[in-house]
Amino acid sequence: MHFPIKRRVAVVGAGMTLYRRRLQETTKEMVFHAVKMALDSAGLTIKDVDAVVGGSAPDLFDGIHMKGENVITEAGGALKPYLRNFTGGTTGVSQQINAWSVVASGLADVCISVSWEKMSPCHPHPQYAFWTIFDRIIERPLGVNLVWIFALEMNRYMHKHNIKKEDIALVAVKNKANAIDHPCAQLPAKITVEDVLNSPVMCWPVQRLDISPPSDGASAVIFASEDVAKKITDTPVWVVGVGRCEDTTYWMNRDLYFPYYAYYAGQQAYSMAHIYNPRKEIDVFEIYDPFDYKELHHMEGLRLCGKGEAPKLTREGVTQRDGDMPVNPSGGLMGVGNPIAAGGGMKVCEIFWQLRKEAGKRQVKKDATVGLAHAWGELMQGSSVLIMKV
Amino acid sequence: MSLDKISNPETIKHWTDVIPPEYVYTVGVAGERFFREIKENGRIMGTKCSKCGCIYLPPRIYCEKCFDYIDEWVDVGLKGCVYAYTVTYLDVDGSPLDKPIIFAVIKFDDVCGGLIHRLGEVEPEKVCIGMVVEAVFKDKAERIGSINDIKYFKPVG
Amino acid sequence: MSVKISKYPGVGLKEEDIKGKKVLTTVWPCNLKYSWSAGVAVGRFLTELKNGKIIGRVCKKCGRILIPPRMYCEWCWKSTDEWVYVKDTGTINTYAITHLATDGVTRLKEPMPIAVIQLDVPAKLPRFFAGFLHYLGEVKPEDVKFGMKVKAVWKPPEERIGSITDIKYFKPV
Amino acid sequence: MEGKIGLERKIAVVGVGWSGFKPFTTEEYRELIFEAAVKAYEDAGGINPRKDVDGFIGVAEDLWEGISIADEYYPDQVGAVFKPENSVSADGIVGFISACMMIQSGVWDTAVVEAHSKISEVLSVNDLLLFALDPVFNRPLWNVDPKTKKPVGGHPYMFAGLEMNRYLAETGTTVEQCAKVVVKNYRNALKNPFAAYGSNLTVEDVICSKVVSHPLKELDASKFADGCVVVVLAGEEVAKKYTDTPIWVKGYGFCSETSWLECHDWGDSVYTRISGEMAYKMAGIKNPRKEINFAEVDDTFSYKELQNLEALKIFGRGEAGKFVEENLTAIDGDFPVNPSGGSLGQGNLFCANGLQKILGVVLQLRNEAGKFQVSKAEVGLAQAWRGIPTTSGAVTILGR
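Protein chains in written order, with our numbering: chain R, 11 to 400; chain P, 3 to 159; chain G, 735 to 907; chain D, 955 to 1354.
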């Protein structure tokens, strides 16, 4: 990584569908909704688009093999360069890195990046598809469930830093409350810490209200080169840093208390964006929060606070919308819903809207000029980071 | 650096398993109307873009050329012509079929798209590109709102 | 959300809408069959499990013992060097107590403790250790502790098939 | 270090490695990848991926592996742990292009692309092909037996049958000409030491083989193989550090046609035409037939080779069959096509097909192809398709 990035790339439009447990729309229709809204908001037509990047997580949710091929036309990719990025849970942000490179390399001037997930077709429950993410021979025969590994990680994290469940539940309370102002949100709610602690246990220490729901939904953003961006908008949101990192597949061979993958992905993005103190230099954060503790875990990984200090910041209200370091003002996956890839896509949309001051009721109090979107996934091993600036 | 390989066939190990989820797909907003028309009225309907006039079959909620929403529905009729066909002699697992299946891409006049379906009431040797065919529906009572409510397409005349 | 956008598309459905056939659906039971090669490393690992032993691979450069074994050290990026048997005892690195079955909806009658077992193997790099995920047995869920010493309980030799489940569970010692 | 950014930045293939290319392999797929990666890094002057490589691109499609999120199992065996890494679910050439774009956008100098196939592990390939169809309008034409859970209602190769039928009708190409492609590629494979399916067939053998879906015969379809290809790419300034024989990327293109099979142009390979045009424009090629010396194009089905050659404008529409009959595309012909044996001769590697084509081109350009070396190899073209029932393809042009 030696070269200066000369060709600047901006995000110029964003769109998303409602996030719901079940949508009537087919995958194709959902994708069209999101792409259409994003194009409209950028004031572009399909003729202006040079390339399309799709992003979606396991085929076993939608129940369509090679599902990237299933939405080409709807994504605007008919007779155009089209590719699907797929890195599990991190897809929503890692696909933006792909889309960014399509424009930054000079191949395209305008690139649509659409992420979608339709989890509802999978029966008896979308959770079942997650069984197939595990090692085929040494884990699946144990009947592994996705929640297991998060419970293991959460427990280790709590044990290492002596964190109480009450502190972690605060994240669920904050995010679900934030989601009340999000028009697409699936599970907005005013809840208390007690509600979280009294909800049914899924896999101790994870309880129902610690988890984000399975969802159907799609979101899209438009990337444009500097020339195009300056022509169509006064407030392009520039992509200034990208980072992506993956740890070893063997999650059971490493200490889970600290997310080194988030640390290294963050470092890459920070160095590209010339950010030395992310806590001070970045104004608004969308951090991947499929489980409430993950938000805290990743805040530490992204160097926003020291190891084990994130619960304290949450307790003090620093991460609230009106706080000094707003985290997940959208409501995050806990509140808005978690259609895996589109969950990350939603975070990029939110940063775009926050930096353009278009977030309405969700607008953070401080004057936000730099924002960070983060997604995490796979076997608790990968992270993608995107830093944007107005 | 050395690369160990399996040299004793008795040590080759495999782990056999299945991926078992079941899937229930909604047919979508456009599909809902399309299949209800087939089920209740025995009509094949497409959607039309009021801007460019393009008619889509299977119907969609948008025009791919104008990239905008569309909601005008038009009856495309039951007759189309064979655009491409193939006579399949093997089943999915590779075993021979009792009776070969003729698949065809059927195009309708002035319609973008068409339907992929089976042909019936015709010998494989008689099928040709350009042949005019017509949809044969199941009895109304048997229809469930699926592409299979059309039994097959048969040659006309 | 963009203040300019007034309406977000999407038609939400309830479970009853689909079960009660208020909307049309198509179904597809998928039953995809696979026969995965265990390969050199895991193949040997399974064979040794059948013999009631746990085997790992050694990377001489970083000194790690890799369990589950693999033929390459991802850290030094070189082939691993030799096989080594290790004891079937270890400590609990982290644990959880599951109330859910594999499919994600069925609730288990008895909550079951599971753990990442850190096998008793010298750890050369502090972040890494040898071990795997397994069940815990002969212990009440509330009695499970971090750092607890555990030992594998094996199935009788005639029931072993060369699978991770040849170990019934790990129990405290 | 200062250098050119954007499409002006020249990129070279500095190392290639492969493993497998056999109908059945006993290694786990990650062990296959490791083997290919060792070869590729050695080929690139003995680089150490932990130090010398800036980023990695993986190519995988979940259900060909039987794993959801195949990307999880990617980093260890190529040396990508804690390094920038991205995965695409597309053809190998698209992965290759993704790596090129990352290098040209200036974030990486050296990149590794990996694609593999372990198709021997998939016991229900045909079920899986049906699983790729639109679940509302196409897939219900097949029924699933509720007891055995096996789909019935016709071999999925019927989609290739439809394409072949339309292609033959539109261009006047004959089944004999398609059979000639099979004969040629299987013969070429005899000269290629790592091709699995080399054999000495006749046109009659092909035409008299079992009909799968008229007009497609059993031998018109390529058989499957396991294998892995790893390619190391580097920007101009660093490429020379690693190798004396850099193979330059002159142009690339990729394209998808439609997600509706009903709208697919069954007689033409539109995606190949557009990706070809894109690549020619980038490479400044006006007359592909003259300016390119040989090609490795998709031949997962015999007619595809002809259709793709025409879409690439190497031959006029409807002429490819004739030229194949005249042996113009043989190894010693005027314009050799698939001298390595292609997918017919080496086996269909699914996601890895594209990288296998690139491997074939690189070996020719370096004059390392041995018995299947073509006489003139200055500029070569690699093209791949994702297979039925998709409409996506990619092209890259490489040169000395």
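Simulated from the structure, these hints should not be mistaken for laboratory data.
No experiment lies behind these values; they were computed from the predicted model shown.
Glycine is no exception: its CB is placed at the ideal position from the N, C-alpha and C atoms.
Among the hints, a few may not be true.
Result set (BS3-like, lysine-lysine): computed pairs, CA atoms no more than 30 angstroms apart in a straight line [what the hints assert, rightly or not]:
(1) G:741 <-> P:142
(2) G:767 <-> G:889
(3) P:153 <-> D:1177
(4) D:1145 <-> G:767
(5) D:1103 <-> D:1195
(6) G:756 <-> D:993
(7) D:1101 <-> G:755
(8) P:7 <-> D:993
(9) G:755 <-> P:7
(10) G:787 <-> R:317
(11) D:1330 <-> P:7
(12) R:174 <-> G:767
(13) P:41 <-> D:1177
(14) G:821 <-> G:755
(15) D:1330 <-> G:767
(16) R:174 <-> G:821
(17) P:7 <-> P:101
(18) P:7 <-> D:1164
(19) G:843 <-> G:741
(20) D:976 <-> P:7
(21) D:1325 <-> G:767
(22) G:843 <-> R:240
(23) R:322 <-> R:240
(24) G:843 <-> G:794
(25) P:7 <-> P:67
To list a few chain D residues with every Cβ distance to chain G over 10 angstroms, as calculated [as the list claims (entries may be wrong)]:
(26) 980
(27) 1090
(28) 1150
(29) 1195
Here's how the hints hold up against the structure:
1. G:741 <-> P:142: violated, 39 angstroms
2. G:767 <-> G:889: Holds: residue 767 of chain G and residue 889 of chain G sit about 27 angstroms apart, inside 30 angstroms.
3. P:153 <-> D:1177: Cα-Cα ~34 angstroms, so violated.
4. D:1145 <-> G:767: Given that 30 angstroms is the threshold and the Cα spacing comes to 35 angstroms, the pair is violated.
5. D:1103 <-> D:1195: violated, 56 angstroms
6. G:756 <-> D:993: Status violated; Cα separation ~58 angstroms.
7. D:1101 <-> G:755: holds, 23 angstroms
8. P:7 <-> D:993: holds, 16 angstroms
9. G:755 <-> P:7: violated, 55 angstroms
10. G:787 <-> R:317: Roughly 38 angstroms separates the two Cα atoms, so the pair is violated.
11. D:1330 <-> P:7: With a Cα-Cα distance of about 38 angstroms, the restraint between residue 1330 of chain D and residue 7 of chain P is violated, given a limit of 30 angstroms.
12. R:174 <-> G:767: violated, 44 angstroms
13. P:41 <-> D:1177: violated, 42 angstroms
14. G:821 <-> G:755: violated, 57 angstroms
15. D:1330 <-> G:767: violated, 46 angstroms
16. R:174 <-> G:821: Distance ~35 angstroms between residue 174 of chain R and residue 821 of chain G Cα, so the pair is violated.
17. P:7 <-> P:101: violated, 47 angstroms
18. P:7 <-> D:1164: violated, 37 angstroms
19. G:843 <-> G:741: Not satisfied, since the Cα-Cα distance of roughly 45 angstroms exceeds 30 angstroms.
20. D:976 <-> P:7: holds, 15 angstroms
21. D:1325 <-> G:767: Violated, because 40 angstroms separates the two Cα atoms, which is more than 30 angstroms.
22. G:843 <-> R:240: With a Cα-Cα distance of about 62 angstroms, the restraint between residue 843 of chain G and residue 240 of chain R is violated, given a limit of 30 angstroms.
23. R:322 <-> R:240: violated, 42 angstroms
24. G:843 <-> G:794: Roughly 46 angstroms separates the two Cα atoms, so the pair is violated.
25. P:7 <-> P:67: violated, 55 angstroms
26. 980: violated, 6 angstroms
27. 1090: Check fails; 6 angstroms does not lie beyond 10 angstroms.
28. 1150: holds, 17 angstroms
29. 1195: holds, 19 angstroms
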